[in-house]
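K.L.:
Sequence:
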Amino acid sequence: MKTLNNFTNVDKAKLVHGLFIHEIPGFLAFTRELSEYMRTHPDEVRKVWKNQLFGVDFWFELAEESDRKIKRYGKQLEKSSSVFADQLFDGYGALYLNHCLVTYTEKGKHGDPKFKTAVDLFFNP
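With the UniProt record's numbering applied, the sequence shown covers 1 to 125.
Watch out, some of these pointers could steer you wrong.
If you anchor each label on the Cβ, the simulated ranges turn out as follows [claimed, not checked]:
(1) His22 to Lys50: 33 to 41 Å
(2) Val56 to His22: 27 to 35 Å
(3) Lys79 to Trp49: 32 to 40 Å
(4) Arg46 to Thr117: 19 to 27 Å
(5) His41 to Leu95: 30 to 38 Å
(6) Lys47 to Lys75: 19 to 27 Å
(7) Tyr92 to Arg39: 17 to 25 Å
(8) Asp112 to Asp57: 31 to 39 Å
(9) Asp43 to Thr117: 34 to 42 Å
(10) Gly74 to Thr3: 18 to 26 Å
(11) Lys47 to Asn5: 20 to 28 Å
(12) Val56 to Thr117: 12 to 20 Å
(13) Asp86 to Lys47: 15 to 23 Å
(14) Trp49 to Ile21: 15 to 23 Å
Below are the EDC-like pairs computed for lysine to aspartate or glutamate, each with C-alpha atoms no more than 16 Å apart in a straight line [what the hints assert, rightly or not]:
(15) Lys14 to Asp86
(16) Lys47 to Asp57
(17) Lys69 to Glu33
Just so you know, these hints were derived from the structure itself, not from any lab. Fair warning: this is a prediction, and the values are worked out from it, not measured in the lab. A virtual CB, placed ideally from N, CA and C, is assigned to each residue, including glycine.
Construct the complete structure from the given sequences, taking the supplied hints into account.
P.N.:
Here is the structure:
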């Protein structure tokens, strides 16, 4: 039996999607907005990038890759927990998507207050 400590990012994303499917369209739109901001304001992002585990160029790559996947899979990401989790929360892309989830809820962009609780439980260190 899996415990919370044994959940992968994909496991967590599937669960959050399944419980809060109504929040997913807004979250995906927000993620695309963040990616667009980084694409159009790279100098601003570079100015605030300090003491991270990896370079800002890698972060830009993760943002672009997630944006491509959101464009490619579109509504499938909204409807399918498996597609959502497997495409967006597997591998290094999970670093960026975890950040997006936490930022989305910290900025109060979500509608369901329980969504923030779930994101905090699963994705906020």
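K.L.:
None of the hints should be skipped; say for each whether it holds.
P.N.:
Hints versus structure:
Our hint of 33 to 41 Å for His22 and Lys50 holds, since their Cβ atoms are close to 36 Å apart. Between Val56 and His22 the C-beta distance comes to about 34 Å, which sits within the given range of 27 to 35 Å. At roughly 35 Å, the beta carbons of Lys79 and Trp49 sit within the given window of 32 to 40 Å. For the pair Arg46 and Thr117, the supplied restraint of 19 to 27 Å is violated, since their beta-carbon distance comes to about 34 Å.
For the hinted restraint 30 to 38 Å between His41 and Leu95, the CB-CB distance of approximately 20 Å leaves it violated. For Lys47 and Lys75, the Cβ-Cβ distance of about 36 Å falls outside the hinted range of 19 to 27 Å, so the restraint is violated. Taking the beta carbon of each, Tyr92 and Arg39 are about 19 Å apart, inside 17 to 25 Å as hinted. For Asp112 and Asp57, the Cβ-Cβ distance of about 35 Å falls inside the hinted range of 31 to 39 Å, so the restraint holds.
For the hinted restraint 34 to 42 Å between Asp43 and Thr117, the CB-CB distance of approximately 36 Å keeps it satisfied. Checking the proposed 18 to 26 Å range against Gly74 and Thr3 shows it is violated: the Cβ atoms sit about 34 Å from each other. Between Lys47 and Asn5 the Cβ separation comes to about 37 Å, which falls outside the hinted range of 20 to 28 Å. For Val56 paired with Thr117, a C-beta distance near 31 Å fails the hint of 12 to 20 Å.
One distance hint, 15 to 23 Å for the beta-carbon pair Asp86 and Lys47, is violated here, with the actual separation near 34 Å. For Trp49 and Ile21, the Cβ-Cβ distance of about 33 Å falls outside the hinted range of 15 to 23 Å, so the restraint is violated. A C-alpha spacing of about 8 Å is found between Lys14 and Asp86, which places the hinted pair at or below 16 Å, so the restraint holds. For the suggested pair Lys47 and Asp57, the alpha carbons sit about 13 Å apart, so the restraint of at most 16 Å is met.
Between the alpha carbons of Lys69 and Glu33 the distance comes to roughly 14 Å, so the proposed pair stays at or under 16 Å and holds.
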